[in-house]
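**Student:** Chains as they are written, first to last, in our numbering: chain H, 1 to 259; chain P, 1 to 262.
No lab work stands behind these hints, which were simulated from the structure alone.
Just so you know, even glycine gets a beta-carbon here, dropped at the ideal spot from N, CA and C.
Heads up, some of the hints might be wrong.
Only pairs whose alpha carbons sit at most 25 Å apart, straight line, appear in this in silico SDA-like list of lysine to any residue [what the hints assert, rightly or not]:
hint : chain 1 : residue 1 : chain 2 : residue 2
1    : H       : K108      : P       : W10
2    : H       : K135      : H       : G170
3    : H       : K14       : P       : E44
For the chain P half of the interface with chain H, some residues (derived, Cβ under 8 Å), not all of them [what the hints assert, rightly or not]:
hint : residue
4    : N8
5    : E75
6    : S77
7    : A81
8    : T83
9    : A129
10   : I131
11   : A132
12   : F133
13   : I135
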Amino acid sequence: MIELRNIDFSYESKPVLRNVSFRVEPSEAVVVMGPSGSGKSTILRLILGLENPQQGQVIIDGQDISALKEKTKRDIRKKIGMVFQEGALFDSLTVGENVGYYLLEHTKLSFEEISRRVCRMLGFVGLDADEVVDKLPEQLSGGMRRRVAIGRALLSTDPKIMLFDEPTTGLDPQATDNVLDLIKKLHQEKSISTIAVTHQIADAFAMAERFIVIYEGEVAFDGSLVELRDCQDDRVRTFLDPFRASFTGVARKRFVDDM
Amino acid sequence: MSILRAINNWLKHFAYELQRLFFFSLRMLAALFGRPFYVTETLEQMYLIGVGSLYLVVLTGVFAGQGFALALSVELSDFGARTYLGRIMAIAIVRELGPILTGLMVAARVAAGITAEIGAMKGSNQIDAMIAFGIDPIKKIAVPRLFTLVIMVPVLTIICDAIAILGAYLVAIFVAHVTSTMYWTNVRGRLIFGNIFIGLLKPFVFSFIIAFISCYKGFTSEGGTKGVGRATTNSVVMASITILIVNFFITKVVFSLIKGYL
């Protein structure tokens with residue numbers, strides 16, 4: 001279980017988050033939406049313990065990660081898999097070394113065993129292991145890189161929580177669908193809690209049933225799709241209205257046609 | 001008033017940067033001790049930094065030694081003191097030229113590379129990814145580079161010294177017409193404890209300066225590719241200037257401490 005309690009966070013003197021509170025239950029899928037620069041990614045960084053809030057608590061399975069020492073934070077992070085924006089793959093390592101990074105660094109497993117697990121994971125994320133395992137990240141397409149990053153996060157710690165920072169940004173429609181399918185598969189097959197941050201509203205609707213809208217550092221909305229559709233909050237409407245006309249596929253069906 | 005305010009702001013920023021650099025350097029030093037040791041990364045850096053800088057140091061040494069010897073031979077000829085060329089070259093190269101030239105060359109080549117690499121990793125969230133996987137990036141990235149520089153800068157300095165003295169030898173023989181025996185006797189006469197001590201202490205200190213500044217600038221770079229470019233430039237400038245300033249103080253302090261051995 002993840003809970004953010006009354007979080008205030010500033011970069012230097014610039015306020016980023018103000019009194020942000022929400023809770024994510026085990027196996028729940030949540031999407032945090034909001035305009036660029038509204039503090040969405042900061043929420044993931046706080047959950048991962050990469051930043052500490054000036055006020056408030058970030059509670060993961062009963063422990064306030066922001067109050068822990070770095071060594072203890074590492075134990076908490078073992079429960080969390082993070083897929084960074086653009087994947088954040090180590091560009092000097094091959095795909096295989098990236099996916100097996102955690103195992104290579106933290107376990108004494110044989111190279112053969114790690115290779116076996118890496119290939120299995122690459123298969124799980126929909127990549128042909130034989131084709132990509134020895135390639136460098138720069139030789140892959142954006143969608144493939146994102147899937148490698150998901151595989152790396154999954155193989156690292158067998159996480160109970162997955163965080164996705166803008167998982168579909170910059171991808172073409174086909175690659176976007178593949179990544180969204182993978183996120184849904186993760187949620188359904190592994191019962192992992194997922195928190196995805198995105199400003200791609202159409203993709204958000206395909207990833208979760210619960211939505212949080214962050215607007216200028218505050219939680220402007222927290223609820224289901226139906227509640228979001230009917231929400232009269234000016235901040236939420238200001239954020240959503242420009243996108244309505246561009247919705248297609250699932251987003252159009254779920255957000256526009258059903259109205 | 002605006003000028004005073006600007007100076008005030010600059011001084012505050014400078015003090016803040018210095019403080020951050022100091023604490024970052026302490027973290028790097030502390031990370032030197034204790035597991036895990038990244039042996040593969042360190043060996044890789046030794047090859048990239050040490051072997052990779054060799055051609056630069058050799059070229060610098062040979063031409064700086066020859067140029068310096070050429071200029072001195074003309075001056076010394078006027079006083080009929082050409083035979084002292086080896087003596088002066090040994091002192092100048094071992095105490096000053098070798099350490100400074102190597103320090104500056106390594107600062108230019110390696111500090112730029114380290115800052116750019118770490119800055120790019122930071123900009124693409126690779127550093128955060130490392131932390132997320134329970135790895136201390138200071139230990140994994142900065143310490144192997146610090147360790148490598150501490151070993152390699154003195155080694156490169158010795159190579160630079162040797163090459164510069166050899167370069168000066170060619171000028172001594174073919175231009176100044178000093179006999180080979182005279183040149184080497186003079187050189188050997190000045191390769192004494194005091195000079196060698198200063199000549200090795202300096203690159204040892206410079207290696208820390210290069211490592212601390214380049215890693216700090218990389219880890220604190222902000223603002224995308226432009227920011228990485230700015231950090232890289234600042235890293236080289238800051239490392240080079242610091243090397244020159246510290247060089248003066250080492251010469252001054254050590255000279256007065258071990259005067260009897262010089």
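**Student:** Could you run down the list of hints and mark each one as holding or not?
**Tutor:** Now for the hints, and whether the structure bears them out:
no. : hint            : result
1   : H:K108 x P:W10  : 51 Å, violated
2   : H:K135 x H:G170 : 21 Å, holds
3   : H:K14 x P:E44   : 41 Å, violated
4   : N8              : 18 Å, violated
5   : E75             : 51 Å, violated
6   : S77             : 55 Å, violated
7   : A81             : 55 Å, violated
8   : T83             : 54 Å, violated
9   : A129            : 4 Å, holds
10  : I131            : 6 Å, holds
11  : A132            : 5 Å, holds
12  : F133            : 5 Å, holds
13  : I135            : 6 Å, holds
When each numbered hint is compared with the structure, violations occur for hints 1, 3, 4, 5, 6, 7, 8.
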